[in-house]
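Just so you know, the protein sequences line up as chains P and E, in that order.
Numbering follows full-length UniProt numbering, in which position 296 of the first sequence is assigned residue number 296; successive positions increment by one, without gaps.
Numbering follows full-length UniProt numbering, in which position 1 of the second sequence is assigned residue number 1; successive positions increment by one, without gaps.
Please keep in mind that the hints were generated in silico from the structure rather than gathered at the bench.
Mixed in with the good hints there might be a few duds.
[Claimed, not checked] Chain P stretches covered by chain E per the calculated footprint, using a threshold of three residues with CB under 8 Å from any CB of chain E:
hint: 1; stretch: 55-63
hint: 2; stretch: 85-97
hint: 3; stretch: 122-133
hint: 4; stretch: 292-304
Each residue gets a CB set at the ideal place from its N, CA and C atoms; glycine is no exception.
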Amino acid sequence: MAQMNLLQAINNALDIVMAENDSALCFGEDVGHFGGVFRATSGLQEKYGKARCFNTPLVEQGIIGFANGLAAQGSTPIAEIQFADYIFPAFDQIVNESAKFRYRSGNEFNVGKLTIRTPYGGGIAGGLYHSQSPEAYFAHTPGLKIVVPRNPYQAKGLLLASIRDDNPVVFFEPKRLYRASVGEVPVEDYQLPLGKADIMQTGTDITLLAWGAQLEIVEKAADKASADGISCEIIDLRTILPWDVDTVANSVRKTGRLLVSQEAPLTAGFASEIAATIQQECFLHLESPIERVCGFDTPYPLSLEKEYVADHLKIYEAIKRSINY
Amino acid sequence: MQGLQQEKAMNTEIYKESQVVHTPTFIDGHSVEIPILKILKEDGTVYSGAELPEIDQVKATKVYKALAFHRVLDERMVAAQRQGRVSFYMAALGEEAASVGGAAGLEDQDMIMAQYREQGALIYRGFSLENLMNQMFSNEKDLGKGRQMPIHYGSSELNYMTISSPLGTQIPQAAGYAYGQKLQGKDAVTICYFGEGAASEGDFHAGLNMAAVHRAPVIFFCRNNGYAISTPSDEQYVGNGIASRGVGYGIKTIRIDGNDILAVLKATQTARSYALAEQKPVIIEAMSYRLGAHSTSDDPSGYRTKEEEEKWHMHDPILRMKNWMLAQKWWDETQETELYEKLREQVLAAVKVAEKIDKPPVEDLVTDVYDQVPAHLQKQLDELKVHIKKYPEAYPFTAGRIK
Ligand SMILES: Cc1ncc(C[n+]2csc(CCOP(=O)(O)OP(=O)(O)O)c2C)c(N)n1
Ligand SMILES: [Mg+2]
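When you get a sec, could you build the whole thing from the sequences and use the hints?
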C-alpha cells in the first residue's frame, strides 16, 4: 500500500499498463514531456520514450480519430482529452466511430482497446468551459462504456480494468479531486469490475446514488441526515454505461426510497435514466417519488457556482423531503 | 455569378498551364517560399526602402499608449492573481504588438473575433479600465454578468465578440460574420485572431475553406508565438508555419514580424483594403514568442529554458516602438516615466474598486439561457431562493439580496 492522490493513482495505472503492454500508448495535448496540464502522464515519456507517450497537435477530433485507427490496428491507445469540456470536437469520432466500429462491421473490426481519459466536473471556479459533466451525451450512445472513479483506489483499479476491457471506454476523471483526494492504494496491479456499483455505506431508510466527485458531497449530506436519525445507504455507480441496475434496485427494494445526485444539469441527465428504470423495477417498493438533485438547467456559471451546484444542503433537504413524503 | 464563373475559368487555366511530367514528380512539402515583412529595426530605425503604414503622431501615440497600458495591466493582474485577488489571468507579454497593431489597422466598425490573448485589441478600441476589471472580478457590473473566467471580455458596442474558451470555434464564425457584412454591403470586415496551436483544430480548416469559397472579407490573423501551453510549434506542425496553409486554400497570405508594430499595422491596413475591395479573405501570420507563462496556472520552467526566453526579451515590441517614437521626436523619456507611473496607479486603483463591487444577483443564474426565462428555469430559481433563505450563511454573496 502507498499513499497516493488521484493523479498519482492514474499515473501509476498508466505506468503498469505501459510496462506490461508494448502496444500501449499515451497521447494528447501537452501529454508528452510536460506530462499533461494536470501531470497525469508525468514521467511516462522519460520512461517509455517519445514514440509511446507524446504530445499531439491541438485537435481533439484528430486525437480520437488517430486513437480509433490505432485501436483498430491492434494497439492499445489511451488518449487524453485535456478537459471534458473540449471533447466535443471529437464527438463524431467517439459517437459515430468508436461506438459503432464493431457493430457496423459485424465484428470484422473493432476499437475495443481504446480508452479515452478526460477530467470532468466543477467546483474549481472554472466557469462554463472548465466545469462540465458531459457523461449523459455519451450515455445515449450504445457501444461505449463510461466509467467515473471517486477516489485514488477506485481510479487505479477502474482505469486498469477500462484499458484492458475489450470495448471503447470513456473514463471521466473528477478533476476537483485530482490532488484533494488522497488514500491508500495497493502498489501492485489490481482491477475493479466495470458495470458493478459499489455500496459504500449500508443503511435502511433511503438509497443515495451518485458517481465521481459528487459522492463526497452525498456523504456529507448523509452525515447531516444521520444526525436526524436517518439511515442512508450510499451507492457509487462507478460505471454509467452499462450500469448496475441490480445493485441499485436491490437497495431500493430494501430502503423504499431513492435519491440520485449528479453535477450535470437536471434535464435528460443520467439521473433521469436511473429514476425511470428504478420506478419500473421497484414501483411497489417505493415509499416516495425518486429525488434528483442536480445542477441547474443552465450552462455552468462562475460567480454563482455555489448557488448552482447540487451541494450537500440541497441533497439534505431532498433526503428530508423524501423521508417526510 | 459572373465573378464565380470567371474564377472557375481562371482555375482551369492554371491547371492547363501546369507543367506536364512523365516521371513521378512530387513537389516538396516545403516548396512554398514565404517572405517575412519587417519594417522597424530593434533600434527604432526603419529598414531602407521599407514602405511605412499610414501613421501620424496622433495615431502613433494612441498605439504606443495602448501598448503601455497593456503591459502594465498584464503586470498588475499577474501580481493580483498571485495575491489571490483574481482567480486567473493570461498575459500577452512580448506579443502585444499583434493585437494592438491589428486593431490599429482596422476601422471601428470592423468586427474583432479574438481567441483570448488579444486584450490589446480591446484596449485599443477603448474598452474602459473599469470594464476590464469588472469582467476579471466577475462582479455585477461585468458586461458578461460574471459568467466566464477572467479575460473572457466582450463588447457589442465596440464590435469585440465575447471570448469563448473552446479553441478555434471563432474561425468559421468569422467567415460567416464577414459574409453577412459583405451581403449587407457594409464598409466593414472581420478580423479573426487565433494561435498557431488553435490552427490545428478542424474549425480552422473549415473556416478558411468556407471563407475562400464564399469570398468572405475576413482577415485571419494567426499569432504564432511558438507555444501552445507546453507544446512547441515544432511538435504542432511540420509545414512552413500557418502561412503555407493559406496557399492550400487559395487565400492571399502574408507572414510578418509580429513584434514589429509597423509591420503589423502595414499588413493589417493592406489586408483590410484588399479584403474589402476584392471581397476575399486574407491570412496574416505574425511571428512572435510567448514570453510569459501560458496563464497564471502554468509554469514554463517545466518545458523550456531560461536561455530560450532570454533571447526573446531582446525582441520586445514595445521597446522597439518606443525607440522609433523617440527617433521621430514624438515621445520623450519624461513622458515615458509619467505614463507608466500614471498607468500603474490607475490600474491599482481600479482593482481596489472592482473587487469591492457585489457579485451578480442570483436572478442572473437563469437569464440569457434563452431570450426569456422559461417556466422550468423560473421554477428552479424560485426553489433555490427558498433554499437560500433557509441557509443564508451557505450562500453569502446572494443571501442578503434576494429579490
Ligand atoms: C478545443 C480546446 N481544446 C483545448 C483547449 C485547452 N487550451 C487552452 S489554450 C491552449 C493552447 C493554445 O495555444 P495557441 O493556440 O497557440 O494560443 P496561445 O496560448 O499560444 O496564445 C489549449 C490547449 C481549449 N481551450 N479548447
Ligand atoms: Mg501559441
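Hint check results:
1. 55-63: Holds, because 7 residues of the stretch 55-63 of chain P bring their Cβ atoms closer than 8 Å to Cβ atoms of chain E.
2. 85-97: It holds: at least three residues are needed, and the stretch 85-97 of chain P offers 4 whose Cβ sits within less than 8 Å of chain E.
3. 122-133: Per the Cβ count (6), the hint holds.
4. 292-304: holds (count 8)
Checked against the numbered hints above, the structure violates none of them.
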